[in-house]
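*Asks:* So you can see what is in the structure, the chains are spelled out below.
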Amino acid sequence: MYSVTTSAALSLHDVSIPFGSDANGAGLRDVSLNVARGERLVLLGPSGEGKTSLLRAVAGLTPIASGSIHVLGRDVTNEVPERRGAVYLHQIPVLFPHLTVAQNVGFPLTVRGAPARERETLVAALLERLGLSDLAARLPHALSGGQQHRVALARALAARPHVLLLDEPLAALDPVLRRDVRDAIRQAHTESDAGLLLVTHDLADATSLGDRIAIMLDRRIAQVDTAEALFTRPASRAVMQFLGGHIELEGTITASGAVLTPLGLLPLPADVQQSLAGHTHVVVGIRGEAVRCQPPSPGETLTAPRAGQHVATGAVRAVLHGAQESVASVSVDNLEVPVRVDALQPPAVGTQVAIHIDPRGLIAFPDNASTAHA
Amino acid sequence: MSTRSYSRSPTRPHARSAWHLAALALLLLSTFVPLLILVLQSVATSWRWPLLLPDAFTLSGWQGLLGGSLGRAAATSTALAAITAVTATALALPVGRTLAQLSGWQRHAAAALVFLPVAAPPIALGAGLQIATLWLGVGGTALGVALAHVVPAIGYASLLFLGVFTTRSSHDEEAARTHGASPWLVWRHVLLPTLRAPIAESLAITFLISWAQVALTLVVGGGAVRALPIEVLTLVRAGQEREAAVGALLLVVPAVAALAALRIGVRRTDALPA
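Heads up: the protein sequence lines correspond to chains R and F, in order. Sequential numbering from -18 applies to the first sequence in my numbering. Sequential numbering from 405 applies to the second sequence in my numbering.
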């Protein structure tokens, strides 16, 4: 249950946003969220889930159908954008083309009638902080993409917002620029106590930037948690499928509380067992990192699973080498199991291997509660 | 180094050049000959057929400009056109923006309504506006004529700004608002500076619309408001050719100035070769 507190930079309570002209139809429904001061919360979800609409609603650029929005405990639901204390940054930096970098950064102070001395001091400090001091006199068209993002961030900070709203700031950027902008966001936010709400559909961006991640599926908040918690304990099968990285197997709960799967009998963690009370048929998710394979010891013949040592044996069909990891495809009966392997010493194709599964990487959901996400 | 191939064209290069030259000559003739005739007529003591040039010259037509009826008419027209330009542009900016925010049939209907005073014959418009200005108590006055000029000028300018705002993203307005700017400050610090070019175009177009108005000035002004086109018309009908030519040349000045300004503006954007 979310409550409105002054400790939160941003609190959303049951916010619903209609899409298009259909006020009662499909749209964002009953979204509740808290972003603490100084926290970076990432809204992660597929395209079309309403992440941008939510951000725009917080900024006051899109009307909401119901619910309330609080900034530092103050109800800003019906407030005009300039009085919300929330700065919204578009996906592509929107700089004022007729103003220099310094004037752009000083814009929030100019429109608030801040004294020139105060403006100059703050602008100089922000330019310094974001490595823009040498570009102060340039016009936006003379800046690179990364520099434009930095100017937009500096200008946002000059507004001294309580909430920073970043809409897909890393989308459509090449890898080098992506890294640069990611660093700039961290750099800009480090010394700010503003709550940061960032939208992305990229899992890597979410995990690298978010203190917590809010998963949006079916136009609702499906789960809000740290990246680690999301991966170890996804709240639903849909979340697990969206995050990826899990091997999904059908299974049957046995009297001992373990689950029988095509990979053998797997012991479930106690909290997972409790959540499955009353269910027999389940879908088991195994985190990729929890699966390991090992070639047989010299002289050992792998014929059948042996409890405590491995749960299944199979033959390596292929090894795929990626930038981050190498994955072997191991065939167990008619099942192809992806298993992370040592990239420097991968098993040879055709080798029989034993598959080990760390029970801490297991999650399971009732099979009839399937909410498979397309 | 680029090479040209004419093999695909059925027209030979020298034939095409001849066509180009002929077209250019025709354009020059239609543009400059009338102007040249006006210039000569404005300084001619007498100029009768079949003389190619006037037989004697005088500057009396131009000297009579200061303090004469033409000078007063030019001043009246300048004031009318300036008032029209500023008023119509100031009103058309929000109208065009509002039109751009509409969609579907609403936008079509509203745009048609705005364009109606432009499409309607000036005499018909003038008849309606005459009644309206009489009701307002400004019939036959310069203020009434200025109001009448503003009506079609707003139509033109609104459509100009409709095009501008339709293609223009509102992201900078949104950014300005969330960075603390009120709607008025958004206009002052963002919209007006970034819309300088279309505002200048609108001022120029609406100035020219008023400057060249005959029908509305005659009908609404009732002959009491002596704007330059009315004065020139009177001189032509009276057979005062030298003074009429001077007045006609004065009428051309703002149009030439606007074209020159446009040429300079376009060259800055590299849309035309320097």
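Rather than coming from a laboratory, the hints here were simulated on the basis of the structure. All C-beta atoms, glycine included, are put in the ideal place defined by N, C-alpha and C. Among the hints, a few may not be true.
Partial chain F-side listing against chain R, Cβ under 10 Å, derived [to be verified]:
id: 1; residue: A460
id: 2; residue: D576
id: 3; residue: P587
id: 4; residue: V594
Some, not all, of what chain R presents toward chain F, calculated at C-beta under 8 Å [to be verified]:
id: 5; residue: P(-1)
id: 6; residue: L42
id: 7; residue: A46
id: 8; residue: T58
id: 9; residue: A67
id: 10; residue: V68
id: 11; residue: Y69
id: 12; residue: V75
id: 13; residue: F77
id: 14; residue: H79
id: 15; residue: F88
id: 16; residue: T91
id: 17; residue: A95
*Asks:* Each hint: holds or not?
*Replies:* A quick look at each hint next to the structure:
no., hint, verdict
1, A460, "violated (56 Å)"
2, D576, "holds (5 Å)"
3, P587, "holds (8 Å)"
4, V594, "holds (6 Å)"
5, P(-1), "violated (17 Å)"
6, L42, "holds (5 Å)"
7, A46, "violated (20 Å)"
8, T58, "violated (16 Å)"
9, A67, "holds (7 Å)"
10, V68, "holds (5 Å)"
11, Y69, "holds (4 Å)"
12, V75, "holds (4 Å)"
13, F77, "holds (6 Å)"
14, H79, "holds (5 Å)"
15, F88, "holds (6 Å)"
16, T91, "holds (7 Å)"
17, A95, "violated (10 Å)"
Hint compliance for this structure: hints 1, 5, 7, 8 and 17 are not met, and every other hint is.
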